[in-house]
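Visitor: These protein sequence lines map, in sequence, to chains C and B.
Here numbering that gives the first Met the number 0 is used: position 110 in the first sequence is 109, and no number is missing along the way.
Here numbering that gives the first Met the number 0 is used: position 77 in the second sequence is 76, and no number is missing along the way.
None of these hints come from the bench; they were simulated from the model.
One or more of the hints may lead you astray.
[Stated by the list, open to error] Which bits of chain B does chain C cover? Going by a derived footprint, with three or more residues having C-beta under 8 Å, they are:
1) 50-58
2) 90-100
3) 123-136
4) 142-154
[Stated by the list, open to error] Listed next, the in silico BS3-like pairs over lysine-lysine satisfying Cα-Cα at most 30 Å (straight line):
5) C:76 - C:142
6) C:4 - C:76
7) B:170 - C:111
8) C:4 - C:142
9) C:142 - C:103
10) C:142 - C:111
11) C:158 - B:145
12) C:142 - C:158
13) C:142 - B:145
14) B:54 - B:1
15) B:54 - B:145
16) B:1 - B:170
17) C:103 - C:158
18) C:4 - B:1
19) C:51 - C:76
20) C:76 - B:1
21) C:51 - C:111
22) C:4 - B:145
23) C:103 - C:76
24) C:51 - C:4
25) B:145 - C:76
Beta carbons: idealized from backbone N, C-alpha and C, even for Gly.
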Amino acid sequence: MNQTKRIIIVVIILFVIIAVVLAVDFLQRQNAASQLPADMPPGSIPIYVNGKFTASFVSEDLNQLGLVSFVDDEEGKTQEGYLLRDVILLYIDGGSLDSDTSVKVSSSSREKVQTLTWEEIDQFNNMVLFDISGRGTLKLVSKIPGFDIRDAWVQDVDKIEITTP
Amino acid sequence: MKERYFSTFQLILLALFSALVVVAKIVLRMPLQLTGHSGIFWMAIIIVGAKVVPKPGAASVIGVTSGLLAGFLGLGDFGALNTFLSYTMVGVMSDIVLWLLGGDPEILFVSVLVGILGHMGKFVVKWSFGVIAGVPVGFIAFGLIKSVIGYIIFGAIGGFLGWLTLKALRKAGFFAYLAEKR
């Protein structure tokens with residue numbers, strides 16, 4: 000087999016990998032779209048207030064939010080994204096939130112949950128933010144002691160629940 | 000006595016390259032918020048390793064060993080198994096592509112293609128884990144495409160850097176020195 004044929008085979012393998020990945024992602028989106036209500040597009044994060052569905056956090060709204068970043072102490076990597084505080088205030092009236100309001104962010108696939116108070120989320124220095132992972136999913140990270148390591152962070156977030164006292 | 004596939008000297012070299020992959024991952028930081036940018040370093044290291052120990056399977060040994068090291072050091076956001084398999088797959092894919100292309104990473108297009116597909120091996124492992132675990136579809140609609148493009152570009156740059164390093168090593172007489180050692 001000559002070198003040109005070998006190169007063609009390698010390039011075909013590359014395209015097959017890309018095609019399979021994109022096809023599976025497309026099918027997953029189609030599947031999710033057919034199962035979710037119209038106001039919850041695939042990939043969006045539902046926000047519940049006191050158990051009632053209130054809004055969906057969608058990527059189209061990201062342009063209304065400012066990007067912030069910090070370098071984590073654990074691996075020295077930059078975590079960059081959108082403050083959870085800003086995300087919530089985009090959909091929920093700030094007047095209905097006080098320092099005791101609890102916000103639960105969870106990931107069903109990871110079986111991870113993190114519950115924070117509004118006071119913790121509202122403090123800019125705590126850097127409670129959504130970093131966008133390589134897969135395009137959201138990862139809740141922060142600098143709050145105890146919630147500043149990877150094991151505690153919530154990867155692949157798919158729900159935000161707000162409970163007011 | 001049956002001759003071993005890798006000599007002790009070659010295994011030591013491969014272990015050193017494995018350690019270098021992990022050290023590069025920990026120490027070298029680039030201010031790039033782009034997925035897969037670490038491929039610039041480790042694809043270069045794997046390509047150099049595959050030339051310094053020019054036997055099929057050398058890249059896989061680097062992948063497996065660095066995967067074990069990285070797994071035990073707790074690197075990666077998705078657990079030790081994911082880390083181990085993704086590092087391993089980089090080596091295995093690199094070996095497959097090297098074998099398909101004739102095995103000489105001193106040829107530019109060979110090293111670039113090895114860089115791209117080797118790095119894509121890591122992406123495939125991470126993506127497969129997500130699919131199996133039932134990770135929700137991406138919040139960003141084109142996040143996956145961006146990720147794929149990132150892996151391809153940084154893998155290609157890593158391959159190019161590996162090729163440049165091999166050229167520099169050849170010029171410095173490193174391969175002649177190695178031939179004497181063997």
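Visitor: Against each hint, give a clear statement of whether it holds in the structure.
Guide: Status of each hint after checking the structure:
Only when three residues or more bring their CB closer than 8 Å to a CB of chain C does the claim for the stretch 50-58 of chain B stand; here the count is 0, and the claim is violated. For a cut-off of 8 Å, the count of residues in the stretch 90-100 of chain B with a CB near a CB of chain C stands at 3, and the three-residue condition holds. With a threshold of 8 Å between beta carbons, the proposed coverage of the stretch 123-136 of chain B by chain C holds, since 10 of its residues qualify and at least three are required. For the stretch 142-154 of chain B, the assignment as covered by chain C holds, since 8 residues bring a beta-carbon within under 8 Å of that chain's beta-carbons and 3 suffice.
Distance restraint check for residue 76 of chain C and residue 142 of chain C: the Cα-Cα separation of roughly 13 Å lies within the 30 Å cut-off, and the hinted pair is therefore satisfied. Simply put, residue 4 of chain C and residue 76 of chain C have alpha-carbon atoms about 42 Å apart, too far for the 30 Å limit, and the pair is violated. At roughly 53 Å between alpha-carbon atoms, residue 170 of chain B and residue 111 of chain C are farther apart than 30 Å, so this suggested pair is violated. Taking the CA atoms of residue 4 of chain C and residue 142 of chain C, the gap is about 53 Å. The hint is violated against a cut of 30 Å.
Distance restraint check for residue 142 of chain C and residue 103 of chain C: the Cα-Cα separation of roughly 17 Å lies within the 30 Å cut-off, and the hinted pair is therefore satisfied. With a C-alpha separation of about 18 Å, the suggested pairing of residue 142 of chain C with residue 111 of chain C holds against the 30 Å cut-off. Proposed proximity of residue 158 of chain C and residue 145 of chain B is supported: the alpha carbons are some 24 Å apart, at most 30 Å. Note on residue 142 of chain C and residue 158 of chain C: the hinted pairing holds, with a Cα-Cα distance of about 21 Å set against a maximum of 30 Å.
Under the criterion of a C-alpha separation no larger than 30 Å, the hint pairing residue 142 of chain C with residue 145 of chain B is consistent with the structure, at around 28 Å. Simply put, residue 54 of chain B and residue 1 of chain B have alpha-carbon atoms about 17 Å apart, close enough for the 30 Å limit, and the pair holds. Taking the CA atoms of residue 54 of chain B and residue 145 of chain B, the gap is about 34 Å. The hint is violated against a cut of 30 Å. At most 30 Å may separate the alpha-carbon atoms for a hinted pair to count; residue 1 of chain B and residue 170 of chain B exceed this at roughly 35 Å.
Taking the CA atoms of residue 103 of chain C and residue 158 of chain C, the gap is near 8 Å; set against the 30 Å cutoff, the hint holds. At most 30 Å may separate the alpha-carbon atoms for a hinted pair to count; residue 4 of chain C and residue 1 of chain B exceed this at roughly 36 Å. Of the pairs offered as hints, the one joining residue 51 of chain C and residue 76 of chain C is violated, with about 36 Å between alpha carbons and a cut-off of 30 Å exceeded. Between residue 76 of chain C and residue 1 of chain B the CA atoms are separated by roughly 48 Å; this puts the pair beyond 30 Å, and the hint is violated.
A distance of roughly 21 Å separates the Cα atoms of residue 51 of chain C and residue 111 of chain C; the hinted pair therefore holds under the 30 Å criterion. Taking the CA atoms of residue 4 of chain C and residue 145 of chain B, the gap is about 29 Å. The hint holds against a cut of 30 Å. For a cut-off of 30 Å, the pair hint linking residue 103 of chain C to residue 76 of chain C stands: about 25 Å separates their Cα positions. For the proposed pair residue 51 of chain C and residue 4 of chain C, the alpha carbon gap of about 59 Å is over 30 Å, so the pair is violated.
A hinted pair counts as satisfied when its Cα atoms are at most 30 Å apart, and residue 145 of chain B with residue 76 of chain C qualifies at roughly 20 Å.
This entry does not satisfy hints 1, 6, 7, 8, 15, 16, 18, 19, 20, 24, going by the numbered hints stated previously.
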